[in-house]
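Student: Protein chains in written order, with my numbering: chain A, 52 to 121; chain B, 7 to 93.
These are calculated hints, taken from the structure and not from any lab test.
Do not take every clue at face value.
DSBU-like mimics (lysine-lysine), calculated; alpha carbons at most 35 Å apart, straight line [unchecked claim]:
hint, chain 1, residue 1, chain 2, residue 2
1, A, K99, B, K12
2, A, K113, A, K99
3, B, K57, B, K12
4, B, K57, A, K99
Restraint-style ranges between C-beta atoms, simulated for each label pair [claimed, not checked]:
hint, chain 1, residue 1, chain 2, residue 2, range
5, A, Q73, B, W88, 50 to 58 Å
6, A, V85, B, F70, 22 to 30 Å
7, A, P93, B, W83, 12 to 20 Å
8, B, H36, A, P68, 57 to 65 Å
9, A, L78, B, G71, 17 to 25 Å
10, A, R90, B, L15, 22 to 30 Å
Computed from a predicted model, the values in this text were never measured in an experiment.
Every residue gets a Cβ at the ideal spot worked out from N, C-alpha and C, and that includes glycine.
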Amino acid sequence: MYYGYQTDYRASDPRKPDPPAQPNLVLARAYVPVQTYTRAFPPEEALKEGTLFPELVRPYVKNKRQGGLL
Amino acid sequence: MRNDQKEMLLDRIRAYEFSAVELNLYLDSHPGDQRALNDYNTFVRQIAALKNEYERLYGPLINFGFGSNTDRNRWQWLDDPWPWENY
């Protein structure tokens, strides 16, 4: 069992967070690389693409192996 | 012809406002980004100009003191079609 984020887990202690639903899974660790503003779509295109920033366009591509960084 | 031009103008306003929202959200997390600040202010001016143009031709976009009533002797807010309707 990996409860790395809890040193001494006590079931009755209300302050302690509940154990994870799947005890053997590590909680996620998010990382958010800093976005830098370089290029922008022209407004009409931005509305169509759903974002002003080309680097954020990630259409869901079914079945085909999605390119780009994961 | 009148409706296409009106719809085109509305579409441009929607697109420019969307872009302003996008930059707004970016600036929330990058408040010091000079380029984004400049581009945001440019969008603000362009949106104001587009809205003025729309209201000059078709009357107020929004009521309650936001849109301007360009017809001197009639309260245009009642006129059909409503800004979001097109027929």
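Student: State for each hint whether it applies.
Tutor: Comparing the hints with the structure gives:
A hinted pair counts as satisfied when its Cα atoms are at most 35 Å apart, and K99(A) with K12(B) qualifies at roughly 19 Å. For the hint pairing K113(A) with K99(A), the CA-to-CA distance comes to about 20 Å; that is within 35 Å, so the pair holds. About 11 Å separates the Cα atoms of K57(B) and K12(B), which keeps this hinted pair within 35 Å; it holds. This hinted pair checks out: K57(B) and K99(A) have alpha carbons roughly 21 Å apart, not beyond 35 Å.
Taken as a hint, the range 50 to 58 Å holds for the pair Q73(A) and W88(B), whose Cβ atoms sit roughly 52 Å apart. Checked against the given bound of 22 to 30 Å, the beta carbons of V85(A) and F70(B), roughly 40 Å apart, lie outside it. The hint said 12 to 20 Å for the Cβ distance between P93(A) and W83(B), and at roughly 32 Å that hint is violated. Under the hint 57 to 65 Å, the C-beta atoms of H36(B) and P68(A), about 32 Å apart, miss the expected range.
In this structure the hint that L78(A) and G71(B) lie 17 to 25 Å apart at CB is violated, the actual value being about 50 Å. At roughly 26 Å, the beta-carbon separation of R90(A) and L15(B) lies within the given 22 to 30 Å, and the hint holds.
Taken one by one, the earlier hints fail for this structure at numbers 6, 7, 8, 9, listed in ascending order.
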